[in-house]
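With chain A held as given, fit chain B onto it using these hints.
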Amino acid sequence: MTLQLFYFLSFLAVLSALMVVVSKNPVHSVLYLILTFFAIAGHYILMNAQFLAAVHIIVYAGAIMVLFLYVIMMLNLNTEVEPHKSKLLKIAATFAGGLLMVVMVGVIRQASETVPLNPTDTQMGLIKNLGKVLYTDFMLPFELSSILLLAAMVGSVMIGKKEIK
Amino acid sequence: MLSPALLFTIILIIVVFLISLVVAMYSTYGERKVAAFMQDRLGPNRAGPFGILQPMADGVKMFMKEEIIPQDSNKWLFILGPSIAMLTACMASAVIPWGKGLTIDGQFYSLQITDVNIGILYIFGVVSIGVYGIMIGGWASNNKYSLLGALRASSQMISYEIAMGLSIIALVMMTGTLSVREITEQQAGGHWNALYQPLGFLIFLICAFAETNRTPFDLPECETELVGGYHTEYSSMKLGFYLFAEYINMFISSAVISTLYFGGYNMPFIERFVSDPNLVSIIGTLFFFGKIFFFIFFFMWIRWTIPRFRYDQLMNLGWKVLLPLSILNIFLTGIVMWLMGKVN
Numbered sequence: 316m317t318l319q320l321f322y323f324l325s326f327l328a329v330l331s332a333l334m335v336v337v338s339k340n341p342v343h344s345v346l347y348l349i350l351t352f353f354a355i356a357g358h359y360i361l362m363n364a365q366f367l368a369a370v371h372i373i374v375y376a377g378a379i380m381v382l383f384l385y386v387i388m389m390l391n392l393n394t395e396v397e398p399h400k401s402k403l404l405k406i407a408a409t410f411a412g413g414l415l416m417v418v419m420v421g422v423i424r425q426a427s428e429t430v431p432l433n434p435t436d437t438q439m440g441l442i443k444n445l446g447k448v449l450y451t452d453f454m455l456p457f458e459l460s461s462i463l464l465l466a467a468m469v470g471s472v473m474i475g476k477k478e479i480k
Numbered sequence: 027m028l029s030p031a032l033l034f035t036i037i038l039i040i041v042v043f044l045i046s047l048v049v050a051m052y053s054t055y056g057e058r059k060v061a062a063f064m065q066d067r068l069g070p071n072r073a074g075p076f077g078i079l080q081p082m083a084d085g086v087k088m089f090m091k092e093e094i095i096p097q098d099s100n101k102w103l104f105i106l107g108p109s110i111a112m113l114t115a116c117m118a119s120a121v122i123p124w125g126k127g128l129t130i131d132g133q134f135y136s137l138q139i140t141d142v143n144i145g146i147l148y149i150f151g152v153v154s155i156g157v158y159g160i161m162i163g164g165w166a167s168n169n170k171y172s173l174l175g176a177l178r179a180s181s182q183m184i185s186y187e188i189a190m191g192l193s194i195i196a197l198v199m200m201t202g203t204l205s206v207r208e209i210t211e212q213q214a215g216g217h218w219n220a221l222y223q224p225l226g227f228l229i230f231l232i233c234a235f236a237e238t239n240r241t242p243f244d245l246p247e248c249e250t251e252l253v254g255g256y257h258t259e260y261s262s263m264k265l266g267f268y269l270f271a272e273y274i275n276m277f278i279s280s281a282v283i284s285t286l287y288f289g290g291y292n293m294p295f296i297e298r299f300v301s302d303p304n305l306v307s308i309i310g311t312l313f314f315f316g317k318i319f320f321f322i323f324f325f326m327w328i329r330w331t332i333p334r335f336r337y338d339q340l341m342n343l344g345w346k347v348l349l350p351l352s353i354l355n356i357f358l359t360g361i362v363m364w365l366m367g368k369v370n
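Going line by line, the protein sequences match chains A and B.
In this text, residue positions in the first sequence follow this note's numbering: the first is 316, and each later residue adds one.
In this text, residue positions in the second sequence follow this note's numbering: the first is 27, and each later residue adds one.
Quick caveat, the hints were computed from the structure, so don't treat them as lab data.
Heads up, some of the hints might be wrong.
[Stated by the list, open to error] Derived lysine-lysine pairs resembling BS3-like cross-links, with alpha carbons at most 27 Å apart:
hint, chain 1, residue 1, chain 2, residue 2
1, A, 476, B, 346
2, A, 339, B, 170
3, A, 447, B, 368
4, B, 91, B, 170
5, B, 346, A, 477
In isolation and in its complexed conformation, chain A is listed as follows (with noise of 0.2 Å):
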């Protein structure tokens, strides 16, 4: 059952993240994107991470891709309006995109050679084992993080202001 999901939910999102880059309509792009975080959310549960799945859904699903869908039906794109690249900056991204997945396969086959910590752990992921490893082990990375989140938020304010004096 539980690989019959795994294969339904990797289908799922492969071909939506697929359909990201193929769909011509923005709105369609955006819709499919997050089809796939659902899909990703999906294998967090499978994995026993179900706070990971439901902050996924909350953050990514619920707030930035709210926020993605709002400007763009702001901004009303569809094909008529979109400019045409050149050749060559199509060919030049292509490149570059086969480049990265080289790379990605390259660290895949490199991960594949180690360990699961706790393979059979199936509390791994609930909440209470996840704050107590991030306030122990991991305390410094985790306030290294917030503050890197602070400075965002500083940032985007400035952006947003209409003048700065």
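For chain B alone, kept in the frame of chain A given last:
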């Protein structure tokens, strides 16, 4: 053959689904009666005694109307909009504990469909994807008024979600759990969270009004400016589903408010009079529904009393009043917990 536990869960899902639909149906009737009472009118009184069959008549009317899909609209997304609105409205009921539980043949069955350990986050996630129904519908209609309504809805919901989440954080700090059932159990014996978290409760209540698009926050469908808002182009039952989803949302948010802040199914002093646990549980469920109906009435009461905000007032209230207040609430909760020695 299904195991009894699974069978019970399936029956519970169907019952909860039907109850949400019936309550939402009769909320439309209740709304008209409450409005009539407040404006010194009679309200619907033609279909059946006291107009009690009015929701059926409305439903039949909705189904019989001609169904129009605008020529230049996006057909699939046009249908997807109300479907998502209905789906997300019904989904949140899965983690609400409707009662303590029943003991049948010595086996205990919980009156909650599933007790996930992140119940509050689940409700929050479902609420946050609920906005897509309105956004997709409003955009797919290919109508400027619909689009404006959809944009208003999305910016309003995102703004108020933040204050709502922060008000829940103070509650979670106090109770120490994200499971909805555990929060309810901790409130047994009249220790309602609303007494310990008055500010948090007030913020949550205001945000609940904004999230369900009820007056004074009904700018997305504000008919004096936007014709009908995001559902201008909708007709027949697709319009019906949008309106219906609003009433289901109202029912679910009333249930969430009573669970988180007003003790859920706990009824004080009931153990002194009734000893049978099954009977206690059933009376508790009825008491819970009493609270839900009070909050549904409260939603209507506000609607027919207070006029709607202007758009800039709405944004100011969300970002400059509710957000700082909810952060202040978190600080106060932390300080009080520290003074009482609950944190080391």
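Verification of the hints:
About 15 Å separates the Cα atoms of residue 476 of chain A and residue 346 of chain B, which keeps this hinted pair within 27 Å; it holds. About 22 Å separates the Cα atoms of residue 339 of chain A and residue 170 of chain B, which keeps this hinted pair within 27 Å; it holds. Between residue 447 of chain A and residue 368 of chain B the CA atoms are separated by roughly 18 Å; this keeps the pair inside 27 Å, and the hint holds. A distance of roughly 24 Å separates the Cα atoms of residue 91 of chain B and residue 170 of chain B; the hinted pair therefore holds under the 27 Å criterion.
A hinted pair counts as satisfied when its Cα atoms are at most 27 Å apart, and residue 346 of chain B with residue 477 of chain A qualifies at roughly 18 Å.
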